[in-house]
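Number of protein chains: 2
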Amino acid sequence: MEQIFGYIDQNADRFIKELSELVNQPTISAQQVGIEETAELLKARMTRVGIKTRIIPIEGGNPVVYGEIEGEGSKTLMFYDHYDVQPPEPIEEWESDPFNAKIRNGKIYARGVSDNKGNIVARIKAVEAFLKVRRKLPLNVKFVIEGEEEIGSPNLARFVEQNKELLKADACIWEGGPKDWLDCPTVYLGLKGLCYVELGVKGAKKDQHSSMATIIPNPAWRLVHALDTLKDDRENILIKGFYEGVEEPTREEEKLLGKIHLPEEKIKTELEIKDFLLELKGLDLVKRHLYQPTCTICGLGAGYQGKGAKTVLPREAKAKVGFRLVPNQNPFDIFKKLKKHLKNKGYSDIEVKLLGAEEPSKTPVGSEIANVVRDTAKEIYGKDPVVYPINPGSGPMHLFQKLGLSIASAGVGWTGSNGHAPNENIRIGDFIEGIKHVALILQKFGP
Amino acid sequence: MEQIFGYIDQNADRFIKELSELVNQPTISAQQVGIEETAELLKARMTRVGIKTRIIPIEGGNPVVYGEIEGEGSKTLMFYDHYDVQPPEPIEEWESDPFNAKIRNGKIYARGVSDNKGNIVARIKAVEAFLKVRRKLPLNVKFVIEGEEEIGSPNLARFVEQNKELLKADACIWEGGPKDWLDCPTVYLGLKGLCYVELGVKGAKKDQHSSMATIIPNPAWRLVHALDTLKDDRENILIKGFYEGVEEPTREEEKLLGKIHLPEEKIKTELEIKDFLLELKGLDLVKRHLYQPTCTICGLGAGYQGKGAKTVLPREAKAKVGFRLVPNQNPFDIFKKLKKHLKNKGYSDIEVKLLGAEEPSKTPVGSEIANVVRDTAKEIYGKDPVVYPINPGSGPMHLFQKLGLSIASAGVGWTGSNGHAPNENIRIGDFIEGIKHVALILQKFGP
Chain V
1 MEQIFGYIDQ
11 NADRFIKELS
21 ELVNQPTISA
31 QQVGIEETAE
41 LLKARMTRVG
51 IKTRIIPIEG
61 GNPVVYGEIE
71 GEGSKTLMFY
81 DHYDVQPPEP
91 IEEWESDPFN
101 AKIRNGKIYA
111 RGVSDNKGNI
121 VARIKAVEAF
131 LKVRRKLPLN
141 VKFVIEGEEE
151 IGSPNLARFV
161 EQNKELLKAD
171 ACIWEGGPKD
181 WLDCPTVYLG
191 LKGLCYVELG
201 VKGAKKDQHS
211 SMATIIPNPA
221 WRLVHALDTL
231 KDDRENILIK
241 GFYEGVEEPT
251 REEEKLLGKI
261 HLPEEKIKTE
271 LEIKDFLLEL
281 KGLDLVKRHL
291 YQPTCTICGL
301 GAGYQGKGAK
311 TVLPREAKAK
321 VGFRLVPNQN
331 PFDIFKKLKK
341 HLKNKGYSDI
351 EVKLLGAEEP
361 SKTPVGSEIA
371 NVVRDTAKEI
381 YGKDPVVYPI
391 NPGSGPMHLF
401 QKLGLSIASA
411 GVGWTGSNGH
421 APNENIRIGD
431 FIEGIKHVAL
441 ILQKFGP
Chain E
1 MEQIFGYIDQ
11 NADRFIKELS
21 ELVNQPTISA
31 QQVGIEETAE
41 LLKARMTRVG
51 IKTRIIPIEG
61 GNPVVYGEIE
71 GEGSKTLMFY
81 DHYDVQPPEP
91 IEEWESDPFN
101 AKIRNGKIYA
111 RGVSDNKGNI
121 VARIKAVEAF
131 LKVRRKLPLN
141 VKFVIEGEEE
151 IGSPNLARFV
161 EQNKELLKAD
171 ACIWEGGPKD
181 WLDCPTVYLG
191 LKGLCYVELG
201 VKGAKKDQHS
211 SMATIIPNPA
221 WRLVHALDTL
231 KDDRENILIK
241 GFYEGVEEPT
251 REEEKLLGKI
261 HLPEEKIKTE
271 LEIKDFLLEL
281 KGLDLVKRHL
291 YQPTCTICGL
301 GAGYQGKGAK
311 TVLPREAKAK
321 VGFRLVPNQN
331 PFDIFKKLKK
341 HLKNKGYSDI
351 EVKLLGAEEP
361 SKTPVGSEIA
371 NVVRDTAKEI
381 YGKDPVVYPI
391 NPGSGPMHLF
401 QKLGLSIASA
411 GVGWTGSNGH
421 APNENIRIGD
431 FIEGIKHVAL
441 ILQKFGP
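Listed in order, the protein sequences are those of chains V and E.
Throughout the first sequence, residue numbering follows the working numbering, covering 1 to 447 in sequence.
Throughout the second sequence, residue numbering follows the working numbering, covering 1 to 447 in sequence.
Isolated chain V (complex conformation) (with noise of 0.2 Å):
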């Protein structure tokens, strides 16, 4: 393998500076923005390399680019990734513009950086310092780069109930993952669910003067009556059935959990809280955060917001909720569940649209790509990773584990990447050592 890192590490700048161009380009989903672009983009990389690419539209939906290339073993490995990204807001946040790649004190930051397109291109390079050095890959590798995660791939299933012949593959790597809160490599063989939802709620048909709050029904105040019922401040989610299913970790996910670091200290000092929620310490802090589901406002709006005072008696009122579920658990479900809390509870007058439905998913523990992952990234990076059986996050997982895939994560991000938040970034170190990561991975899997 040193021949192929030495070829990585010759040509780091042109990767960053390729890096750079595809972060460089917005591909906000959640606003349809630079979808097309970055497609063709991706593909004509991906065809330089010698992937054969393909652009494979979705109906209603942002198409997935396909690669495939043939290899010397019989075996497939699937990398799932996404181009798409979140939205840049709060824009006045950023130290650099979200969507200018700049590089400060050994990081890059652009929104996207860390999730995905950092990990797309550390696959495709991997994947081409193989070909340059080797000619040919040990293994087949196909690479499905989906444009609608982050708004919770709501035509994925489509896309992959019709393509099952083209998915066949023996194992996949998932988008990425971040070092952890001491710096080792993480491999997580699983994802929480997602009910995305948006409530509203509509009062008088304009703004009124606020001296009318006396007889006009209120949006504002309605919503957060509603949004009180859902939870108690003892984070107890309040819609009936709700933890239905709901486990606690087997044997073998618990020896797991011993292992994985949350240094509670310094995570506390960093964000700058007093406390983790209901001041949880240690193992049970651990387990919460990977086995409970969560029903968060992501977004709240109504009425005036600006500077100072504006006495105005809002025309209507918005609420983001998102519930991260865990397995057992059905974003559709859920989401019935929560219509018929609210209407229970009075409320049947809020609009509830459902933004986003992805269900949980775990690989078990022990399967051939976990072992791979783990033993390559303790060869690159030198430390014991940590495996979770679980990842908080979430994504579409599923569908792909469903086909019969066993699915581990391999990723260039850290805990100070800031994804999904203003000022998002990946290290540079950690970005060479990632495509190296993949491409040990590519060798070992391979045979």
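Keep in mind that the hints are not guaranteed to be accurate.
Below, simulated DSSO-like cross-link-like pairs (lysine-lysine); rule was C-alpha separation at most 30 Å, straight line [to be verified]:
| # | chain 1 | residue 1 | chain 2 | residue 2 |
| --- | --- | --- | --- | --- |
| 1 | V | 52 | V | 402 |
| 2 | V | 307 | E | 102 |
| 3 | V | 343 | V | 240 |
| 4 | V | 345 | E | 281 |
| 5 | V | 52 | V | 164 |
| 6 | V | 318 | E | 75 |
Derived from the structure by calculation, the hints contain no laboratory data.
Given the coordinates of chain V, work out where chain E should sit on it, guided by the hints.
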């Protein structure tokens, strides 16, 4: 008066032009936009008419434009107005630029045209008409035009305290007022008070990926829970001692309430609401509107409010809450009670900022100025005016009432004026008649 009315009619187009110039100059006190420019513009306008005008600075606040002109009689009438306007947001809902007056269907559209610049111009032009036709006013007139009414007049008390001599007068015409739902002129003799606060909650230093919501506190949830303790869903305000001193209308006032037009079906249709709050009707509705205090969410903001889904855990959440207060309530007392309430409920981490405080005020039914405004309105508009013992809006009336002035309102608005909302407007007919009404008040209150 025929000659004076004739002068007003002949100069109507110019008056509209001058009003347009004044509203085209933004004056947003909440954002400190255009304050000096507007004060200078007013001074120039008033001086040109013959009013001795100066700009009186207020330390730490926006200046008062003060004008005076001697008349034949010994009585003095004061006009209270304000040159600042509400912020124009949400701008996208305006059919034309809020700061570029446009005439459509006999109405002038612009921010501040109704509240309160249309009234300022009407009063100046009534004085102009008198002087042009008769050379002298029948009584002394004083103009007090402040620049912070829309943010709760935080510095006017100090100004009044320091200028008691200057502000001596027999009576005061308050800033303005609309025709009612049946197009009858209205006169109000009092105002509610206001306590306007901003609640702020902080979470982690930065926005987090919403997968962290298992263990990191969410300020949006904390805000929702805290707000929910302020008012129940039957509109009862739950702050201890909030209703102390709140009284029923006097028998004299109650007689006036029966004459107030609140055409329920028309209002519901106009505003597209199904019912009034608590499904109130008739006299109960009027009584609640005038005699009950409020607790209103005027603004609510946290996290992502753009299109689609963003799975973010917000770093802060804010609410703007306005309390309209009735006689015997005091904004500083209510502010103290609110802070105590939040502390007692366990929310002492929530920052509470007082953004505006205004005491309630009432002039007794049957004062000379009230009778003059009512009788002249009947003469000008040919309809019985409706007298409101108290108006559900707010303003610094109490400061002048404490100086011993009797106060009554007169204005150029109508029920569709959209004060504090997009597409603010007045009807040109109302504007011209309003100028005549002011001229007749000068004449009748004069001798």
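Against the structure, test the hints numbered earlier, and report the numbers of the ones violated in rising order.
6
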